[in-house]
Structures are given as structure tokens and as C-alpha cells.
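J.: Sequence:
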Amino acid sequence: MESKELKQKVENICITAEFILQNLQNNNEHDYDYSPVLMEISKAVECVTQEICKEQEEYLKNNLGELGSKNIVVNRVSFYYNGRWNKYNDYNMYDKTRYAKGNIFRNKTVGTHLSAFCNYGVEGGNLNYYNTLVFLIGNLKKKLNLMNLEQIKEIFFLTNDRNIAAHTGTTEKKIAEEWYEKILDEHKGILRSLREIQESL
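Be aware that the sequence shown starts at 3, since it is given in our numbering, and climbs by one per residue.
Simulated from the structure, these hints should not be mistaken for laboratory data.
Wrong hints could be hidden among the right ones.
[To be verified] Here are the simulated EDC-like cross-link-like pairs (lysine to aspartate or glutamate), alpha carbons at most 16 Å apart as the crow flies:
hint: 1; residue 1: 175; residue 2: 31
hint: 2; residue 1: 145; residue 2: 198
hint: 3; residue 1: 190; residue 2: 163
hint: 4; residue 1: 9; residue 2: 59
hint: 5; residue 1: 143; residue 2: 201
hint: 6; residue 1: 176; residue 2: 20
hint: 7; residue 1: 175; residue 2: 33
hint: 8; residue 1: 6; residue 2: 57
hint: 9; residue 1: 143; residue 2: 198
hint: 10; residue 1: 45; residue 2: 201
[Said to hold, decoys possible] Computed Cβ-Cβ distance ranges for the label pairs, DEER-style:
hint: 11; residue 1: 9; residue 2: 30; range: 19 to 27 Å
hint: 12; residue 1: 33; residue 2: 11; range: 28 to 36 Å
hint: 13; residue 1: 31; residue 2: 147; range: 39 to 47 Å
hint: 14; residue 1: 203; residue 2: 170; range: 34 to 42 Å
hint: 15; residue 1: 27; residue 2: 145; range: 31 to 39 Å
Virtual Cβ for every residue (Gly too), placed ideally from N, Cα, C.
Turn these sequences into a full structure, and let the hints steer you where they fit.
T.: Encoded structure:
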């Protein structure tokens, strides 16, 4: 259940993103860098995914042993748990021809994240980390539909664009507008779906 404090915090972040976007759109004097819009949008998503992980932390700790025997992740990645390395089997939910650029997780990413979770818990993560855990929790509880899965995949692409924006890269107006619509659309946006996932877990 999303707390009132989190709801207000995320709403303020979204309002900030909208304010920055509108002000940049309404001023054509320069070729502006829209990176601040992406940073705020990413922050909103990270706040919600972090909250989901905090709520489900004990559940995931109690069910980590199940992950080693379930078809959760592609490419036989491993994670360290209870003094040994656990290996995944192949993950077949995705049609690999549709994701020619790679599946939802990089080969070593999930193992790294799960090892970090086993050692440190939820705190100190990032958007990619929390999104990975939400995916795993949702699969264990069988609460993700195909739309959820597609949107979770989108968050990994958002992470890539956000990382570029946070460092030496710049963000074009078109990219910022696309992410604003994908994340914050009140009817079909990713933020809305994350809240629905949160309610269902």
C-alpha cells in the first residue's frame, strides 16, 4: 500500500517534471538540454519501486531459495545466497526474436543485484536494482501480466537514458516528451501500473 507521504512526494516530483518540461517547451531561444526532466521522471519511478521492495523485503528474503529452481531469468546467471552460488535455469517467457538487442536483464546483472540484496537488503540500491527486485517478486507471486512485463522492460531502457542524462550526455526534447508520456500518463502510464502492482502484491 502506497503511503500518504510517498504519494505526496511522488506527486511533487511529477509536478516538478511537468513544470520543467513546459517551461523548456515554451521557450525556443536555445537548444535546451532536457536532462532535468528525465532525472525527475526517473526519481518518481525509483521512489515507487523502492517502496515496493521495502514492503516485500521479508517475502523476498524468505523465498530466495525458490529462485534457484525457477525459470526466472535468461542466460543461467547466478547469485550468492546462504554461503553458496545459486544458478538459474533458462528463462523462456520472452520471445527472444522480439528482443534482438537483448532480454530484460543483462547476463550478470541479476546475480549481482541478488547478491547485493542478500548482503545489504533494500537500502542503497538504484532504479535498475529496485526494478529487478520488483520483477522477481512479481514473478514469484505470479502477479505480473504481459503489460506489466513490457513496462518493466521499458524501465530498464529509462535507466539507460537516465544514466546518460546524469553524466556527460544531453537529452533531446523528443526523448523527454516520450518518457513523460510513457511514465506519467494517468490512464496507461508506467507509474500507474507500478502502483497497481504494489496494490496486488
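J.: Against each hint, give a clear statement of whether it holds in the structure.
T.: Status of each hint after checking the structure:
1. 175 / 31: Within the cut-off at roughly 14 Å; holds.
2. 145 / 198: With Cα atoms ~10 Å apart, residue 145 and residue 198 stay inside 16 Å; holds.
3. 190 / 163: Roughly 21 Å separates the two Cα atoms, so the pair is violated.
4. 9 / 59: violated, 20 Å
5. 143 / 201: Holds. Residue 143 to residue 201 sits at ~13 Å (cutoff 16 Å).
6. 176 / 20: Holds, at roughly 14 Å.
7. 175 / 33: holds, 9 Å
8. 6 / 57: holds, 15 Å
9. 143 / 198: The given pair, whose Cα atoms are some 14 Å apart, holds under the 16 Å limit.
10. 45 / 201: violated, 20 Å
11. 9 / 30: 19 to 27 Å: Once the Cβ atoms are compared, 35 Å apart, the range 19 to 27 Å for residue 30 and residue 9 is violated.
12. 33 / 11: 28 to 36 Å: The hinted range 28 to 36 Å holds for residue 33 and residue 11, with Cβ atoms some 32 Å apart.
13. 31 / 147: 39 to 47 Å: holds, 45 Å
14. 203 / 170: 34 to 42 Å: holds, 38 Å
15. 27 / 145: 31 to 39 Å: holds, 37 Å
When each numbered hint is compared with the structure, violations occur for hints 3, 4, 10 and 11.
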